[in-house]
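Peer 1: Residue numbers (the numbering used here), protein chains in the order written: chain A, 272 to 818; chain B, 272 to 818.
These aren't lab readings, by the way, just hints derived from the structure by calculation.
Hints should not be assumed to be uniformly reliable.
Given that identical chains are not distinguished, each listed pair holds provided it fits within a single copy or across any two copies.
Said to hold, decoys possible - Below, simulated DSBU-like cross-link-like pairs (lysine-lysine); rule was C-alpha separation at most 35 Å, straight line: (1) K408 x K775; (2) K398 x K743; (3) K563 x K710; (4) K775 x K569; (5) K569 x K743; (6) K443 x K640; (7) K408 x K539; (8) K443 x K710; (9) K775 x K562; (10) K398 x K640; (11) K743 x K584; (12) K443 x K562; (13) K584 x K539; (14) K772 x K539; (15) K398 x K775; (16) K743 x K408; (17) K408 x K710; (18) K710 x K539; (19) K539 x K640; (20) K569 x K539; (21) K408 x K795; (22) K710 x K640; (23) K569 x K584.
Okay, here's what each chain looks like letter by letter:
2 protein chains.
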Amino acid sequence: MLGLMQEWPLLCHKLMDHAARQHGGREIVTRSLEGPVVRTTYAQLRARALKAAQRLERDGFGLGDRIATMAWNTARHLEAWYGIMGVGAIYHTLNPRLFPEQIAWIMNHAGDRLLFVDLSFLPLVEKIAPQVPSLEKVVVLTDAAHLPATALPDVVAYEEWLAEADGDFSWKSFDEGTAAGMCYTSGTTGEPKGVLYSHRSNVLHAMMAAMPDAMGLSSRDTIMPVVPMFHANAWGLGQSVPMIGAKLVMPGARLDGASLYELLDTEKVSFTAAVPTVWLMLLQYLEETGKKLPYLNKVVIGGSACPRAMIRKFRDEYDVEVVHAWGMTEMSPLGTLCTLKPEYAGLEGEERLDVQQTQGFAPFGVEMKVTDDNEVELPWDGRTFGRLKVRGPAVARAYYGGAGAEQFDAEGWFDTGDVAHIDPNGYMRITDRAKDVIKSGGEWISTIELENLAVGHPDVAEAAVIGLPHSKWGERPLLVVVRKPGREPSADEILAFLDGKVAKWWMPDEVAFVPEIPHTATGKIQKTALRAMFRDHSLPTESPGAQ
Amino acid sequence: MLGLMQEWPLLCHKLMDHAARQHGGREIVTRSLEGPVVRTTYAQLRARALKAAQRLERDGFGLGDRIATMAWNTARHLEAWYGIMGVGAIYHTLNPRLFPEQIAWIMNHAGDRLLFVDLSFLPLVEKIAPQVPSLEKVVVLTDAAHLPATALPDVVAYEEWLAEADGDFSWKSFDEGTAAGMCYTSGTTGEPKGVLYSHRSNVLHAMMAAMPDAMGLSSRDTIMPVVPMFHANAWGLGQSVPMIGAKLVMPGARLDGASLYELLDTEKVSFTAAVPTVWLMLLQYLEETGKKLPYLNKVVIGGSACPRAMIRKFRDEYDVEVVHAWGMTEMSPLGTLCTLKPEYAGLEGEERLDVQQTQGFAPFGVEMKVTDDNEVELPWDGRTFGRLKVRGPAVARAYYGGAGAEQFDAEGWFDTGDVAHIDPNGYMRITDRAKDVIKSGGEWISTIELENLAVGHPDVAEAAVIGLPHSKWGERPLLVVVRKPGREPSADEILAFLDGKVAKWWMPDEVAFVPEIPHTATGKIQKTALRAMFRDHSLPTESPGAQ
């Protein structure tokens, strides 16, 4: 027997309808690409998003069309999202930090028909567009006065394009399973893979994210998403913030310490979110200027592990609570957030930091488990680590076009590719990537933990650990070190520094000094390249005749 | 094109799975019907709910079966709910405060096959059961040692019944639209009507309720639902509290001031919820004893309008925040909650109370509008009142068996039967019931506002306003007053007291004094009976020959 409750599909434009109706006058503040800080409201943004939808429909765009955006966080970018979703088309965020060839590959794979682009990326698009035959038109997110000359055909300024619609339009109706958004993962190996979000998954994710024990978003907050909309949907803030109707501050293209500080201060931002690198720049700016953060309450930090020193500094020097988080593009992206359950809420000092260094626990809507190589589920004891697998209504079940099928199992579990342990209270900590973890004599060694320890040595600028083949143990760790300028630590000094901090059998078999460690376009250590560098290297612990 | 996100139906048992997995050791404290305060955990409760499900399936109960419960808020009642829902059956909460004939009518209409009942209601069930032929068995929520002698056939103690299952069981799988729960409205007119909740509506409602700007529920809270599970699902707390994993305190049968205080104090309750009557008893107890509420932060008050003095007393004398709320059985039940948006967050004193006397605003997932008699939508100006209509995924689209179809329109709007105005910031205030509002010369007069003003007179014990027919104006107000013992206010004195507080044309045409005003079984003023009392009465403003 079915219940007798209303059919009310979870559609993204209902988030914006709610914002406009219940919080219509609340401000959306943008540092525009043209320069000035500009202001609008939810009511105005919704009206313009309706115009965008109307114009899109008139131009023949609708259900299932992929429409790319390459833009910073601005009100125009957000209203383009809602306009696109409102006709049943799919916003496809492009990461401008990728190489042009990668972007072109992704656009061709997605079959993008239209592109909304920020002024600053127009030169990049001039290189890419000729390689993407499906692309029909480019809309530059500016007005006619600011539109530069370009050799590209079919280019129009957004404000002109929008002005041709009168806004007398209603959102289209469709199933809540309809695709709403798209984002490609920029894997360190293999081709990029497309994740296809649905209206339902976006709405449920927004609800999960706003909960008190997750991000805890309220209409009384002023929220600045520094994490870009092209980085896993700005962690869902483009949906969850309208849902709760908070004032929204969009930082545009300028993410340096001084620019972010200016907005944090003048707009009285209470909540913000970004990767650690951004906060390093801000903290450095604050130290140089002696400025403080009197309005900021909370900062969500994810994308890569947040250094302990950063959590400490935000708390001790600026009275700001760090919520350490973990997610993936395939998870919309939220997986876990480190808010404090009652078991941990009373901790202070180093003990509190110990908990905050984990990536936290999963909210309702994210199931997780860790398994060994034989798919056997491992205990939540805070020590035993294994492959992290997840399930939920905002987790991908496949990639666009069918790539990567091996990451999804029959019971719906998605293999994250991460290695983690979970403690008895459900707090998860990433210890490695599955492809990087070192398997020594049947046991696993976390390369990330070794790297974190090694960079604690005062003479070490950067460190990376890779596993090299070993005839007796299968694999053994090699520690690769970039020395700080003018410093000359020896291998023995570094090993002595590690001694006692890790189990004996975790100790690297060798320390290799290099002038530079290879990185990906997005700044991560490129272990594939590092492994290639040491392909013919033999560890000193190897007996000479073993190979 | 559909998105590629996981199929993960919103099923209620997933809430309990999450609680057991992420908050497994958190306590559920119950004042048992047998007497002592007993303790369990989410992990234990889930294990017992699985046993209940297993036993139900073995006994032939499953998809679509209606299974009644007549019980106070206890861990056993909650685990029965999850056991019932876990096999796809429907928990049907019965309100023991109704007359036995009403309960029997409801059980027959629902076709209940099984009944879980508290010890204290067994005598009531002995009267009802013979009138309900569909009822196969009665499970008394106690153990064999406490099971009293009864003339009823097929009675078993819950603990014995449960012990026959070993718990080696998995929840059943089904569509998220499957019916999960049922509750009949006890309308003041007409037959009771059954609302049929779905798994989807229950889960979405739990998410809506927990949001920071709604109830704001966190795992760090200790939550005591005083509002009974048979009163509109304990306002969803039976689902939302497991979802966020807070400690749960179940007050059982004793809702007097001293008993509630004892639990508030010993269990350090931070959040509670109930109707105003309950809090009157608690506040009286606190005044008599001089006790305080050092742990309590927030109390949600709904079911009927919360008096201004109560909001003030909780704040000024006990430092407790009142969240005034409104909902209906047909809405799962939450409609609006009066937390403060930034526009109002800075208010203090009387201005803050002015806002808190409204029932607040609708969270995402509740749409509302007010219309006039011609279905024309009225402005949100804080003055113009009309029929309040709502829409959303946790709002009914029909009643069980098809009654009351006139309350639902083609666009999905449900006519609440309430009359309300909404201010420009979305804050809604109920001004009347639609069937009570007085239509005078085409304009509406709120009987509730007049009543609230009249009881402010120091000599008035209770007041009710009804409309009487009037040849010129259509209807005009009659104010019916019960005088305080030993006081003798005149009609003119009372009218003089109202003068200047309402528009001239709102002034009652007459004041009638009565020894008593009729009430319903649940304590509301019974205006139908009052209108019957004055059926042949003619207002003095009526010209003698008009009729």
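Peer 1: Compare the structure with each hint and give your call.
Peer 2: Going down the list of hints, with the structure as the test:
In this assembly of identical chains, the alpha carbons of K408 and K775 never lie at most 35 Å apart, being 61 Å within a copy and 65 Å across copies at closest. For the homomeric pair K398 and K743, neither the shortest alpha-carbon distance inside one copy (51 Å) nor that between copies (80 Å) is at most 35 Å. In this assembly of identical chains, K563 and K710 lie within 35 Å of each other by CA distance neither inside one copy nor across copies; the values are 46 Å within and 60 Å between. In this assembly of identical chains, the alpha carbons of K775 and K569 never lie at most 35 Å apart, being 39 Å within a copy and 53 Å across copies at closest.
For a Cα distance limit of 35 Å, the shortest separation of K569 from K743 qualifies neither inside one copy, at 49 Å, nor across copies, at 63 Å. Taking the shortest Cα distances, K443 and K640 sit within 35 Å of each other only across copies (21 Å), while inside one copy they are farther apart (39 Å). Taking the shortest Cα distances, K408 and K539 never come within 35 Å of each other, neither inside one copy (39 Å) nor across copies (62 Å). For the identical chains of this complex, K443 and K710 are neighbours neither inside a copy (53 Å) nor across copies (39 Å), given an alpha-carbon limit of 35 Å.
Proximity of K775 to K562 under the C-alpha cut-off of 35 Å is found in neither arrangement, the shortest distances being 45 Å within a copy and 60 Å between copies. Taking CA atoms no more than 35 Å apart as the test, K398 paired with K640 passes in neither setting, with 44 Å inside one copy and 51 Å between copies. When the C-alpha separation of K743 and K584 is checked against a cutoff of 35 Å, the pair qualifies neither within a copy, at 44 Å, nor between copies, at 75 Å. For a Cα distance limit of 35 Å, the shortest separation of K443 from K562 qualifies neither inside one copy, at 48 Å, nor across copies, at 58 Å.
With identical chains, the CA atoms of K584 and K539 are at most 35 Å apart both within one copy (20 Å) and between copies (33 Å). In the homo-oligomer, the alpha carbons of K772 and K539 never lie at most 35 Å apart, since the shortest distance is 42 Å inside one protomer and 41 Å across protomers. Proximity of K398 to K775 under the C-alpha cut-off of 35 Å is found in neither arrangement, the shortest distances being 53 Å within a copy and 75 Å between copies. In this homomeric assembly, K743 and K408 never come within 35 Å of each other (Cα to Cα): the closest approach is 60 Å inside a single copy and 67 Å across copies.
Proximity of K408 and K710 under a CA criterion of 35 Å is satisfied in neither setting, with 51 Å inside one chain copy and 59 Å between copies. Neither within a single protomer nor between protomers do K710 and K539 lie at most 35 Å apart by alpha-carbon distance, with minima of 49 Å and 49 Å respectively. Taking the shortest Cα distances, K539 and K640 sit within 35 Å of each other only across copies (33 Å), while inside one copy they are farther apart (40 Å). In this homomeric assembly, K569 and K539 come within 35 Å of each other (Cα to Cα) both inside a single copy, at 12 Å, and across copies, at 27 Å.
When the C-alpha separation of K408 and K795 is checked against a cutoff of 35 Å, the pair qualifies only within one copy, where the shortest distance is 34 Å, while the shortest distance between copies is 65 Å. Taking identical chains as interchangeable, the C-alpha atoms of K710 and K640 lie at most 35 Å apart only when both belong to the same chain, with a minimum of 20 Å there against 62 Å between chains. Proximity of K569 to K584 under the C-alpha cut-off of 35 Å is found in both arrangements, the shortest distances being 13 Å within a copy and 33 Å between copies.
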